[in-house]
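S.K.: Kindly produce the complete structure, drawing on both the sequences and the hints.
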Amino acid sequence: MSEPFHRTSRGIAVDLPGPLRSWLAMMATEAGSDALVDGPVHRRLLGPINPTDDHDDPVSELQRQFSVEGSLGALVESAHHELLTEEQAEEWIRALQLILVATAARYEVASDDDVAQLGEEEANTLTTLQAFISLLIEGLDG
Amino acid sequence: MPDTDTDILTDAELRQRFDLPWEVVLWNDPVSLISLVVRVLQKLFGYDLPTAERLTMAVHHEGKAVVWTGEKDKAAAFCVALHGYALAATIQPGQ
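Top to bottom, those sequences are chains A and B. Using this note's numbering, the first residue of the first sequence is number 1, and each one after it goes up by one. Using this note's numbering, the first residue of the second sequence is number 1001, and each one after it goes up by one.
Among the hints, a few may not be true.
As the list claims (entries may be wrong) - Chain A stretches covered by chain B per the calculated footprint, using a threshold of three residues with CB under 8 Å from any CB of chain B: (1) 59-73; (2) 98-109; (3) 117-125.
Note that these hints are calculated values from the structure, not bench results. None of the values given here were measured: they were computed from a predicted structure. All residues carry an ideal CB built from backbone N, CA and C; glycine is no exception.
M.R.: Structure, rendered in structure tokens:
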């Protein structure tokens, strides 16, 4: 894969095959669903910011939930776009990172040792998501 | 109404009342890329590249690092912004 994300005069060009785009949208939808129900993904993405509290205040908790849903929803909505605005590209970075961390939480990965013990398919999924993040950062800032 | 002369304040209440500093702590996680963390620290806190890299490596090697210190409300806002990038962050009273 060569330069799947690069700047053009019209925006950030996304050069990815359709099935990969659909896979990213599916992963984003899955992470969004998991974040809403109590479980490892919810606890990892929406745990309290002050560890001495059980929960954030309800307004703050709702804002954070909207933020997660907003970023993941933005990726789903623009998954098949050929061009992204600067704002959409930043939402993609947030969304890809949310998907990566949600997926790691689903695999119960909490340490480097846990990563080393993952099966091949799970390890490949995490590596693929990391590669997308790295390539998008390069495309935006490189 | 509590007797303010004898009312015992918790550490958090004391800090809030006298505007004592709070810290934003960023925790290491095994999957987030170093390049992503450096970029987010620059973007959210306005740090230059060497500062962002130093803090990121401190998180990576020591498991956590204080990445910002200041008012509680701002600390909470920064912490929420870090969570927007799925980075593990918490706030705590300044040491």
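S.K.: Take the hints in turn and mark each one as holding or not.
M.R.: Hints, one by one, checked against the model:
1. For the segment 59-73 of chain A, the stated coverage by chain B is satisfied: 6 residues place a CB nearer than 8 Å to a CB of that chain, which reaches the threshold of 3.
2. A stretch counts as covered by a chain when three or more of its residues have a beta carbon under 8 Å from one of that chain; for the segment 98-109 of chain A and chain B the count is 6, and the coverage holds.
3. Here's how the segment 117-125 of chain A fares: 0 of its residues keep a CB closer than 8 Å to some CB of chain B, so the rule of at least three is not met and the hint is violated.
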